[in-house]
Amino acid sequence: MHTEKEKHTFEPKIIAFVCTWCTYAGADLAGTSRMQYPANVRVLKFPCTGRIDPVFILKAFQQGADGVLVSGCHPGDCHYIAGNFHARRRFAAFRKLLEFVGVDLGRLQFSWVSAAEGGKWVEMVTGLTEQVRGMGPMQEFKELALEEQWSGSIDTPELQEAYDQI
Amino acid sequence: MTQLIDTSIYTAVTEAIQGEARRILSEGSVSAVVGYAAARRKGSAQPVVITQADDSGKLIFSAACVNNLAVYLTKAKKDIPKNGKIGIVVKGCDLKALVGLMGESQLKREELYLIGVPCAGVLASTILPDTALTSGTIASKCRECGERLPQGCDYTPTVTPPITPVLEKKYAAEIARLEAMTPAERWAYWKEQFKKCIKCYACRQVCPFCFCEQCLCDRNKPQMVETTPRPAGNFAWHIVRAMHLAGRCAGCAECERVCPMDIPLNLLNRKMAKELKELYNHEAGFEVREKGPLAMYDEKDDQSFIK
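Chains as they are written, first to last, in my numbering: chain A, 72 to 237; chain B, 11 to 317.
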């Protein structure tokens, strides 16, 4: 029987950009092995980590993600020989840029998860979900999007009251 | 305390540029020369393309010659006819941009005739072009410039740039100030800066490296970046711009100069340059490299941030 699921006030949305050859297969292994991990993660499959443009990460945050996980093959294991090496440099630069504009890097995680590492995938997802849960919702980009429509703050007592009445 | 910066070499430089342009145009070794000419207001300068040897008297060089002329040679801005060699007047910072473009196969060295300019610095703003060059009016990029004499040009006037006084490095100081802040404070700072953006894309238009015929930010199927001049769209545009210039930017600071809203755009570029120097020991220079730091890799690259 399943254990009683713990109720949380905040369920973060985690977007995972994964490569189809390693991490996606790893996540599949976790599933077929009946391992449990938080359902907060939404997996997006790409041919390779080299295909994952930093713009995707930005877009994910803008569309309401609270955390982003980027995962692919271990160095040397890339199906396309060097895609993950290129991705490694690109993300090393991109995270510095995000840090400089004021994004908390605790919300952005990179990992290598091979097709055999179902357990590591579970660890990554659980770890990031709990970490982001502790940090609370990603307000910055949501506030920007709201300002796009009206110049109000996202967390007014009126909104909270209206929300509670639903 | 403002110090006067010696720009006396510019008279000799102007004469040398004129003589060389006259020579190469009358010989027919180039079809056009891209340079600076005096503009209508006293002391101001504007880019000019001359094709006749008789027009070479128009060419000047002064502290108001701020533009990076490399932009006129890029693919997206097809202003110069592509027949024969083209002569171009370059400062050290402009040459770095040209070298970058050569590395990215946008230009061929053998199709260019480079007239290098020993530079003592240019003005930060051309609103008052007739002001003297001092430690107060000099462009921020010139404060950190270590390349006053462009190298590897076809012709460089034989004048040595004067020793300029050591000036406070404004970008380095500002980056250090921002890095010391908390993420929330930095976010507030950039939010305030990007709020001003009106999405005029002057920064893109003036950048020698923004040569894509269709910019990712103009695409709408799928739309990756909001095009509205509103907070979310502005943030996305400036992050994408900085990311696409990472490892390529030559530091000519034209983006910052043309910004009508005074957003410190070059600050983002300098920060990325600093990070890429630390991570991959890459710096924009005078040597043509086939690949930039983000277009290549090393198996031993740092991956401490990857779990």
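Note that these hints are calculated values from the structure, not bench results. There's no promise every hint is true.
[As the list claims (entries may be wrong)] With a straight-line Cα cutoff of 20 Å, these simulated EDC-like cross-link-like pairs (lysine to aspartate or glutamate) come out:
no. : chain 1 : residue 1 : chain 2 : residue 2
1   : B       : Lys68     : B       : Asp140
2   : A       : Lys213    : A       : Asp175
3   : B       : Lys205    : A       : Asp124
4   : B       : Lys201    : A       : Glu218
5   : B       : Lys68     : B       : Glu25
6   : B       : Lys180    : B       : Glu154
7   : B       : Lys317    : A       : Glu214
8   : B       : Lys179    : B       : Asp164
9   : B       : Lys301    : B       : Asp312
10  : B       : Lys317    : A       : Asp226
11  : B       : Lys287    : A       : Glu170
12  : B       : Lys201    : A       : Asp148
13  : B       : Lys201    : A       : Glu214
14  : B       : Lys201    : B       : Glu189
15  : B       : Lys301    : A       : Asp124
16  : A       : Lys167    : B       : Asp16
17  : B       : Lys301    : B       : Asp311
In this text, all values refer to a predicted model and were calculated from it rather than measured experimentally.
Right, here's what the structure says about each hint:
no.: 1; hint: Lys68/B to Asp140/B; in the structure: holds, 18 Å
no.: 2; hint: Lys213/A to Asp175/A; in the structure: holds, 15 Å
no.: 3; hint: Lys205/B to Asp124/A; in the structure: violated, 25 Å
no.: 4; hint: Lys201/B to Glu218/A; in the structure: holds, 11 Å
no.: 5; hint: Lys68/B to Glu25/B; in the structure: holds, 11 Å
no.: 6; hint: Lys180/B to Glu154/B; in the structure: holds, 8 Å
no.: 7; hint: Lys317/B to Glu214/A; in the structure: violated, 30 Å
no.: 8; hint: Lys179/B to Asp164/B; in the structure: violated, 31 Å
no.: 9; hint: Lys301/B to Asp312/B; in the structure: holds, 19 Å
no.: 10; hint: Lys317/B to Asp226/A; in the structure: violated, 34 Å
no.: 11; hint: Lys287/B to Glu170/A; in the structure: holds, 17 Å
no.: 12; hint: Lys201/B to Asp148/A; in the structure: violated, 40 Å
no.: 13; hint: Lys201/B to Glu214/A; in the structure: holds, 11 Å
no.: 14; hint: Lys201/B to Glu189/B; in the structure: holds, 16 Å
no.: 15; hint: Lys301/B to Asp124/A; in the structure: holds, 19 Å
no.: 16; hint: Lys167/A to Asp16/B; in the structure: violated, 39 Å
no.: 17; hint: Lys301/B to Asp311/B; in the structure: holds, 16 Å
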